[in-house]
Amino acid sequence: MPYIYMNIMLAFVISLIGTLMYRSHLMSSLLCLEGMMLSLFTLNALLSLNMNFTLSTTVPLILLVFAACEAAVGLALLIMISNTYGLDYVQNLNLLQC
Amino acid sequence: MNPLALSLILTTLLAGTLITMMSSHWLTAWMGLEMNMLTMIPILMKTTNPRSTEAATKYFMTQAMASMMLMMALTINLMYSGQWSITKMTNPVASNMALMALMTKLGSAPFHFWVPEVTQGVELTPGMILLTWQKLAPLSLLYQMATYTNTSLIYLSGLLSILIGGWGGLNQTQLRKILAYSSISHMGWMLIILPFNPTLTLLNLAIYITLTLSIFMILANTFTTSMSSLTLMWNKTPAMTIMLMATLLSLGGLPPLSGFMPKWLMIHELTKNNSIIMPLTMAIMTLLNMYFYMRLIYYSSLTILPSTNNMKMTWQFTNTKHTMTLPTLIILSNMLLPLTPMISMLE
Chain U
1 MPYIYMNIML
11 AFVISLIGTL
21 MYRSHLMSSL
31 LCLEGMMLSL
41 FTLNALLSLN
51 MNFTLSTTVP
61 LILLVFAACE
71 AAVGLALLIM
81 ISNTYGLDYV
91 QNLNLLQC
Chain Z
1 MNPLALSLIL
11 TTLLAGTLIT
21 MMSSHWLTAW
31 MGLEMNMLTM
41 IPILMKTTNP
51 RSTEAATKYF
61 MTQAMASMML
71 MMALTINLMY
81 SGQWSITKMT
91 NPVASNMALM
101 ALMTKLGSAP
111 FHFWVPEVTQ
121 GVELTPGMIL
131 LTWQKLAPLS
141 LLYQMATYTN
151 TSLIYLSGLL
161 SILIGGWGGL
171 NQTQLRKILA
181 YSSISHMGWM
191 LIILPFNPTL
201 TLLNLAIYIT
211 LTLSIFMILA
221 NTFTTSMSSL
231 TLMWNKTPAM
241 TIMLMATLLS
251 LGGLPPLSGF
261 MPKWLMIHEL
271 TKNNSIIMPL
281 TMAIMTLLNM
291 YFYMRLIYYS
301 SLTILPSTNN
311 MKMTWQFTNT
321 KHTMTLPTLI
331 ILSNMLLPLT
341 PMISMLE
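Residue numbers (the UniProt record's numbering), protein chains in the order written: chain U, 1 to 98; chain Z, 1 to 347.
These aren't lab readings, by the way, just hints derived from the structure by calculation. Computed from a predicted structure; not experimentally measured. Take the hints with a grain of salt, since some may be wrong.
With the C-beta cut set under 8 Å, the calculated list includes, among others, these residues of chain U facing chain Z [to be verified]: (1) 3; (2) 5; (3) 19; (4) 63.
Pulled from the structure, derived: some chain U residues nowhere near chain Z, Cβ distances all over 10 Å [unchecked claim]: (5) 21; (6) 44; (7) 54; (8) 80.
Built from N, CA and C at the ideal position, the CB exists for glycine as well.
Could you build all of it, start to finish, from the sequences and the hints given here?
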């Protein structure tokens, strides 16, 4: 497999680990979610260009649209949490434990 | 909620699931799953208290991460096979990664941690939509792509789901969490039979949705969300108490009720394939589920807990809450067992 694909997949894996292992802020998790989306966008764009999938050249753009919607919803939820607690610390989200 | 906004949101929910179920191209299936997730957030946040916000945030984070993992699996599949067809995902890395993403979306172990908390944080009606309608889209994708995945992963996840669904629900007093663990357990049954006979997965899904809808509608009708309010139901609506008992027994899989049908057929199918230990373990672990359903039945209809005399003589109001399709659903969830030979229609 060409080196460039492995590089971007490594970027995806690092962003995935960043989504799952964050210290206190929810914002860093949302940022890593966007990082995952960015690496997916780059990988898809490179694949469409290198392997001449001419019909799939719109795929990165569609991914970008949905990722933008997700980012907006994520930020709106972050703001609602900040309304309640003043910060976006994830240890505040403990109301629903068993 | 504003009726125009509510109709738009429900239409998008319907459209998202239908787009995923009717697609043969992975990209449209992924777009349908995204639409489902995005439009579920305002449904979960109908009431704007901190618990709903926390539930919506946890739902959003897990489902968004699963969507991204699914998209990565699709991109790896594109890299190795050059096509986007759902049924031909031959690369093992891609198909197992997509399997794990879809299992996260369904809420089966070991990715089940969001289900009890999100179901607990929202009202009964959004919780109902979460546990029934949101299972249709990922299961339709799993139905099509499971042939190329590692079956050991499916068995592991299914067995863990049944174990965790059984043990997790034992210590709960809130009805929404009990129903969430019941959902995890039923997902386990549906996953295990997927490599053997996918038609039984769909049958189990259909009967599980009927049963869960019945239970949620009975609870929503009497505004009960915890076991302590369940103990007072006998005075307000005794008929619903008996219906709840019958439907809960059916959910646990007792014979003459229709919940027995999928479990019986699945154990039959598994033993036909010379697998004895797995259905034995599954059947025994489901008894844990049966224990906490029996506890609910005990507290709601079989005993009257000590209460003041005021509680025993409440004013009998007429029920003004509209019971939409509840009588039909209750009959379907209790009396379908004689129609078992008709499942040959599903093949």
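Evaluation of the provided hints:
Because the smallest distance between the Cβ of residue 3/U and any Cβ of chain Z comes to about 13 Å, over 8 Å, the interface hint for this residue is violated. Nearest Cβ of chain Z to the Cβ of residue 5/U: about 7 Å, under the 8 Å cut. The hint holds. Contact between residue 19/U and chain Z, as hinted, is supported at the beta carbon level, the nearest pair being about 6 Å apart and thus within 8 Å. Interface restraint check: residue 63/U against chain Z, minimum CB-CB distance 7 Å, threshold 8 Å, status holds.
Every C-beta of chain Z lies more than 10 Å from that of residue 21/U, the closest at about 12 Å, which supports listing it as non-interface. Against chain Z, the non-interface label of residue 44/U is violated: not every CB pair exceeds 10 Å, the least being about 6 Å. The claim that residue 54/U lies off the interface holds: its Cβ sits roughly 12 Å from the closest Cβ of chain Z, which is beyond the 10 Å cut-off. Against the 10 Å criterion, residue 80/U falls within the reach of chain Z, whose nearest CB is about 5 Å from its own CB.
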